[in-house]
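Heads up: the sequence lines are chains A and B, in that order. Quick note on numbering: the numbering used here labels position 389 of the first sequence as 389, and the sequence is numbered without any gaps. Quick note on numbering: the numbering used here labels position 30 of the second sequence as 30, and the sequence is numbered without any gaps.
It cannot be assumed that every hint is accurate.
To be verified - Derived pair list, reagent style DSS-like, types lysine-lysine, alpha-carbon separation capped at 30 Å:
| no. | chain 1 | residue 1 | chain 2 | residue 2 |
| --- | --- | --- | --- | --- |
| 1 | A | K416 | B | K99 |
| 2 | A | K431 | B | K312 |
| 3 | B | K468 | B | K99 |
| 4 | B | K121 | B | K54 |
| 5 | B | K121 | A | K30 |
| 6 | B | K54 | B | K312 |
| 7 | B | K430 | B | K99 |
| 8 | B | K335 | A | K416 |
| 9 | A | K429 | B | K468 |
| 10 | B | K99 | A | K73 |
| 11 | B | K317 | B | K54 |
| 12 | B | K351 | B | K335 |
| 13 | A | K431 | B | K351 |
| 14 | A | K429 | B | K335 |
| 15 | A | K343 | B | K47 |
| 16 | A | K431 | B | K256 |
| 17 | A | K73 | A | K416 |
| 18 | A | K431 | B | K317 |
| 19 | A | K343 | B | K351 |
It should be emphasised that the hints constitute simulated quantities derived from the structure, not laboratory data.
If you want the building blocks of each chain, they are given just below.
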Amino acid sequence: MKRTLLLAAAAATLATAAANAQSVAITNAKLVIGDGSAPIEGGTVVVRDGRVVAAGRGVAVPAGVQTVDAQGKWVSPGIFAGFTRLGIVEVDGVEQTDDSGASSTPFHASIDVAPAVNPRTTAIAVNRAAGVTRALVAPDSRNSIFAGQGAIIDLGSDMAAVTRPRAFQFLEYGEAGARAAGGSRPAAFAMLRDAIFQVRDYARNPASYADRGKEALLTRADVQALVPVIEGQVPLLVHVERGSDILAILDLKRELPALKLVLVGATEGWTVAQQIAAAKVPVIASALDDLPSSFEKLAATQSNMGRMQAAGVSVSIGMINDNEARQARLETQYAGNLVALTKVPGATGLSWNDAFAAITGRPAEALGLGAELGTLRPGRRGDVVIWSGDPLELDTAVLAVYVDGVAQPLTNHQTKLRDRYLQPQEGAKPKAYQY
Amino acid sequence: MAVMAGFSGTRGHWLRSGATVLAALALGACTANSDKPSSASSGSSRKAGPGLNKGYSHDPFPSTYRAYPGVPTLVRGVTIFDGEGGRIDGGDAVFADGKVVAIGQGLTAPAGATVIDGAGKWLTPGVIDVHSHLGDYPSPSVPALSDGNEATAPVTANVWAEHSVWPQDAGFSRALVNGGVTTLQILPGSANLFGGRSVTLKNVYARTAQGMKFPGAPYGLKMACGENPKRVYGGRNREPSTRMGNIAVDRQTWAKAAEYKRKWDKYEKDGGEPPARDIAMDTLRGVLAGEILVHNHCYRADEMANVLDMAKEFGYKVTAFHHAVEAYKIADLLKANGTCAAVWADWWGFKMESYDAVSENLPLLHNAGACAMIHSDDENGIQRLNQEVAKALAAGRRVGINVSDEVAWTWLAIGPARALGIADRTGSLKPGKMADVVLWNGNPFSVYTRPEKVWVDGALMYDMDDPKSRPVADFELGQPGEGDVK
Numbered sequence: 001m002k003r004t005l006l007l008a009a010a011a012a013t014l015a016t017a018a019a020n021a022q023s024v025a026i027t028n029a030k031l032v033i034g035d036g037s038a039p040i041e042g043g044t045v046v047v048r049d050g051r052v053v054a055a056g057r058g059v060a061v062p063a064g065v066q067t068v069d070a071q072g073k074w075v076s077p078g079i080f081a082g083f084t085r086l087g088i089v090e091v092d093g094v095e096q097t098d099d100s101g102a103s104s105t106p107f108h109a110s111i112d113v114a115p116a117v118n119p120r121t122t123a124i125a126v127n128r129a130a131g132v133t134r135a136l137v138a139p140d141s142r143n144s145i146f147a148g149q150g151a152i153i154d155l156g157s158d159m160a161a162v163t164r165p166r167a168f169q170f171l172e173y174g175e176a177g178a179r180a181a182g183g184s185r186p187a188a189f190a191m192l193r194d195a196i197f198q199v200r201d202y203a204r205n206p207a208s209y210a211d212r213g214k215e216a217l218l219t220r221a222d223v224q225a226l227v228p229v230i231e232g233q234v235p236l237l238v239h240v241e242r243g244s245d246i247l248a249i250l251d252l253k254r255e256l257p258a259l260k261l262v263l264v265g266a267t268e269g270w271t272v273a274q275q276i277a278a279a280k281v282p283v284i285a286s287a288l289d290d291l292p293s294s295f296e297k298l299a300a301t302q303s304n305m306g307r308m309q310a311a312g313v314s315v316s317i318g319m320i321n322d323n324e325a326r327q328a329r330l331e332t333q334y335a336g337n338l339v340a341l342t343k344v345p346g347a348t349g350l351s352w353n354d355a356f357a358a359i360t361g362r363p364a365e366a367l368g369l370g371a372e373l374g375t376l377r378p379g380r381r382g383d384v385v386i387w388s389g390d391p392l393e394l395d396t397a398v399l400a401v402y403v404d405g406v407a408q409p410l411t412n413h414q415t416k417l418r419d420r421y422l423q424p425q426e427g428a429k430p431k432a433y434q435y
Numbered sequence: 001m002a003v004m005a006g007f008s009g010t011r012g013h014w015l016r017s018g019a020t021v022l023a024a025l026a027l028g029a030c031t032a033n034s035d036k037p038s039s040a041s042s043g044s045s046r047k048a049g050p051g052l053n054k055g056y057s058h059d060p061f062p063s064t065y066r067a068y069p070g071v072p073t074l075v076r077g078v079t080i081f082d083g084e085g086g087r088i089d090g091g092d093a094v095f096a097d098g099k100v101v102a103i104g105q106g107l108t109a110p111a112g113a114t115v116i117d118g119a120g121k122w123l124t125p126g127v128i129d130v131h132s133h134l135g136d137y138p139s140p141s142v143p144a145l146s147d148g149n150e151a152t153a154p155v156t157a158n159v160w161a162e163h164s165v166w167p168q169d170a171g172f173s174r175a176l177v178n179g180g181v182t183t184l185q186i187l188p189g190s191a192n193l194f195g196g197r198s199v200t201l202k203n204v205y206a207r208t209a210q211g212m213k214f215p216g217a218p219y220g221l222k223m224a225c226g227e228n229p230k231r232v233y234g235g236r237n238r239e240p241s242t243r244m245g246n247i248a249v250d251r252q253t254w255a256k257a258a259e260y261k262r263k264w265d266k267y268e269k270d271g272g273e274p275p276a277r278d279i280a281m282d283t284l285r286g287v288l289a290g291e292i293l294v295h296n297h298c299y300r301a302d303e304m305a306n307v308l309d310m311a312k313e314f315g316y317k318v319t320a321f322h323h324a325v326e327a328y329k330i331a332d333l334l335k336a337n338g339t340c341a342a343v344w345a346d347w348w349g350f351k352m353e354s355y356d357a358v359s360e361n362l363p364l365l366h367n368a369g370a371c372a373m374i375h376s377d378d379e380n381g382i383q384r385l386n387q388e389v390a391k392a393l394a395a396g397r398r399v400g401i402n403v404s405d406e407v408a409w410t411w412l413a414i415g416p417a418r419a420l421g422i423a424d425r426t427g428s429l430k431p432g433k434m435a436d437v438v439l440w441n442g443n444p445f446s447v448y449t450r451p452e453k454v455w456v457d458g459a460l461m462y463d464m465d466d467p468k469s470r471p472v473a474d475f476e477l478g479q480p481g482e483g484d485v486k
């Protein structure tokens with residue numbers, strides 16, 4: 001009955017949601033901020049004009065703001081999926097629908113996923129219904145270590161999905177980078193050093209670049225895209241797994257101190273956690289990798305994130321090479337598993353608070369967007385989810401989702417198929433008439 | 001070949017008959033023959049055959065698995081899911097000599113038994129994964145070890161997955177310690193219409209694949225419909241390149257198998273010149289005789305329906321459709337055919353035929369009275385099958401399908417055990433069955449729970465509190481992370 005009431009409230013919000021109805025207050029919540037702090041019983045979060053204005057206990061609801069009584073249920077920031085390809089792939093096996101990478105293009109670093117993001121991708125609606133409200137969307141590399149420029153998107157039902165285009169450059173190192181560079185890690189590094197040289201040269205004198213013609217390994221567009229990376233205005237995300245590869249990438253900071261590095265994957269990160277921490281480089285890790293699935297992941301363990309965090313590394317969860325176009329919704333389960341490790345002798349997990357931060361506030365911080373996204377601290381975008389229970393638990397349902405303070409529909413292709421086939425038999429008419 | 005003639009008139013009949021009935025009839029005939037030496041009968045010069053199923057070995061690579069010794073054990077005051085839908089709160093379980101002795105309440109410990117306090121913990125039969133590629137697609141995932149698909153022809157019923165199983169796959173240990181998996185079926189891949197034989201393993205490391213083989217488990221035949229075969233062979237401009245091509249090649253192959261079976265059945269009964277051996281046809285003959293179980297990779301509802309009719313046409317049974325992403329659309333049809341569906345909780349969208357997934361597939365099948373179970377098909381998913389069931393269970397409850405936790409555990413236990421033909425030996429905590437048991441440190445449908453102890457045939461093969469009980473494959477020795485908690 002309680003749930004019905006709450007759902008009714010959420011539905012009412014949805015029904016009245018005009019284009020600018022971006023204000024809502026959710027009261028009586030078990031409120032999670034997403035910054036690693038403990039949940040607050042009896043909390044309130046107020047979103048006004050799309051942004052959080054206050055969250056905590058004893059927060060007053062301003063007049064004129066619609067109120068939803070959470071009836072003691074869990075309320076949190078929406079999930080910020082740390083590494084995905086949401087919105088740029090509909091079906092992996094149908095190549096016309098896959099905009100994640102391009103094999104026959106002269107462009108690499110300059111590739112920009114933002115215009116390709118389609119908010120009507122089925123995966124956006126499916127993941128929204130599971131409480132994912134923002135995602136890092138990365139291009140995939142082909143024939144170059146540089147995959148291109150990724151975006152931060154929201155999973156709202158409107159057509160304005162891109163929160164921040166060209167939010168980072170993505171670089172493949174390790175086995176995948178070696179392959180893309182022609183067959184070896186040294187070749188990948190040669191490609192990287194050549195790019196650095198050209199970018200510096202271009203930055204000194206942009207006019208000179210026109211003379212290079214086909215001698216240049218990078219197009220002008222690629223070089224232009226890399227200038228803000230080298231200058232530290234745009235983060236460089238590097239997919240790297242092996243311990244020694246991580247150290248090689250960290251060494252880049254010595255010659256390029258401005259570089260804002262973020263490691264992605266980092267399965268062997270725990271073996272060099274002190275160095276990562278000392279370099280103050282955040283990691284968007286694959287939470288549950290525990291198999292020596294390649295020779296760059298021999299030391300894989302689910303304790304990787306826990307051990308890195310214990311060494312002082314900022315860790316978030318990402319989905320690289322793990323159904324990243326569709327299954328960001330598994331991040332809550334992954335985070336729960338890291339909490340489970342705290343009860344396994346010899347293992348290092350994450351506390352619940354840190355595990356939840358690893359799928360909300362921390363990935364936003366890793367991208368330099370912590371002041372804008374990821375938590376319910378004042379000033380952040382009003383991405384809020386009401387859950388039926390502990391958000392990391394397997395039987396918990398999403399009851400309501402707000403993106404920028406706007407209540408979101410939770411139906412999608414899957415829920416409609418389910419409703420059509422609750423009884424498999426045809427009725428008075430074929431199933432095609434039932435919707 | 002005059003010996004064939006006598007059977008031609010009945011061929012159409014027995015192709016449609018229940019395979020076991022046929023086998024019994026044939027066996028009876030054969031026994032009658034051997035009771036009467038041919039020389040004694042009225043003028044027949046025909047020699048007696050070797051006897052049905054004795055023309056060649058059906059078990060040339062026998063299991064050498066031996067259960068490791070255990071100690072009599074009493075787990076006391078624990079929540080028990082018995083694997084067949086039963087539940088005991090504050091229950092006791094006794095196992096000894098590798099077998100379950102009793103479950104109930106107020107049980108007394110056998111002499112010398114280890115007594116474990118199960119307060120706040122759960123005890124279940126070991127998880128059974130009906131669909132795994134551990135060993136044939138092992139870690140590390142490098143081409144040199146990629147042995148799961150003999151993708152050189154659409155019909156490779158001649159290959160046996162056990163000949164690809166590398167027993168040093170680290171994945172077996174992860175499935176044991178994180179997943180509580182005690183039994184698993186290793187299948188060939190799905191590139192081919194007829195992928196080859198599967199093998200069922202106990203999840204206990206051995207030096208050889210034979211050393212892991214579940215003693216006496218029937219073989220399975222991996223078949224595949226849909227996109228994979230037509231893509232692989234259509235891409236080479238050969239048959240099949242369409243779904244209709246898939247079924248056409250399937251039917252031609254079954255027709256050939258029926259002929260092969262007829263010849264061998266006749267030879268084994270009546271003697272004469274033995275027919276030429278065909279290793280692929282041996283397997284299909286085994287299916288038609290009901291000795292080998294069909295595990296059919298198939299996503300789409302309409303294709304499953306086609307396969308069910310094909311099975312009727314040739315007189316075999318599809319034990320289970322695997323993946324079966326659209327099984328919920330034909331739950332009634334599956335129930336009517338007695339065919340199971342082995343499914344994921346929420347995988348979807350990676351290819352066109354997985355587009356129509358719903359998180360409620362498992363509970364919708366169960367609700368319609370169809371046989372349903374979870375499966376992994378994945379070296380990571382196999383470590384969390386309990387969690388996959390928990391998600392599906394919750395999705396079902398949200399649409400009013402109220403399956404209890406203990407009944408849901410059948411999707412991980414007796415369900416797959418039946419589909420593998422080993423339900424008389426494992427898959428539940430019934431007295432006399434193998435003591436394949438998991439003690440969980442909480443409710444196994446919670447994300448916060450992990451296996452605490454895992455027994456296989458009563459032997460303690462994993463203990464969370466004993467670092468030396470974490471199995472380390474040869475491959476991992478001397479590598480970073482050897483013996484680490486995983």
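Discussion item. Given the hinted pair B/K99 and A/K73, is their Cα-Cα distance within 30 Å?
Written reply: Violated - the C-alpha atoms of A/K73 and B/K99 are around 46 Å apart, more than 30 Å.
Discussion item. Given the hinted pair A/K431 and B/K317, is their Cα-Cα distance within 30 Å?
Written reply: holds, 28 Å
Fill in: Distance restraint between A/K431 and B/K256, which requires alpha-carbon spacing of 30 Å or less
violated, 39 Å
Discussion item. Between the alpha carbons of A/K416 and B/K99, is the straight-line distance 30 Å or under?
Written reply: violated, 47 Å
Worksheet entry | Holds or violated: B/K54 to B/K312, with C-alpha atoms at most 30 Å apart | holds, 27 Å
Discussion item. Tell me if the straight-line CA distance from A/K431 to B/K351 falls inside 30 Å.
Written reply: holds, 23 Å
Discussion item. So if I understand the rule, the pair passes when the alpha-carbon distance is 30 Å or less; does A/K343 with B/K47 pass?
Written reply: Roughly 69 Å between the alpha carbons, so the hint for A/K343 and B/K47 is violated.
Worksheet item: Holds or violated: are the alpha carbons of B/K430 and B/K99 at most 30 Å from each other?
Response: Holds. B/K430 to B/K99 sits at ~9 Å (cutoff 30 Å).
Discussion item. Holds or violated: B/K121 and B/K54, Cα atoms, limit 30 Å.
Written reply: With Cα atoms ~50 Å apart, B/K121 and B/K54 exceed 30 Å; violated.
Item to complete: For the pair supplied as a hint, B/K121 and A/K30, confirm whether the alpha-carbon distance does not exceed 30 Å.
Response: holds, 28 Å
Worksheet item: CA of B/K468 to CA of B/K99, is that 30 Å or under?
Response: holds, 24 Å
Worksheet entry | Pair hint B/K317 and B/K54, alpha-carbon separation not exceeding 30 Å | OK: B/K317 and B/K54 at ~23 Å, within 30 Å.
Violated hints, listed in ascending order, are 1, 4, 9, 10, 15, 16, 19; each of the other numbered hints is respected by the structure.
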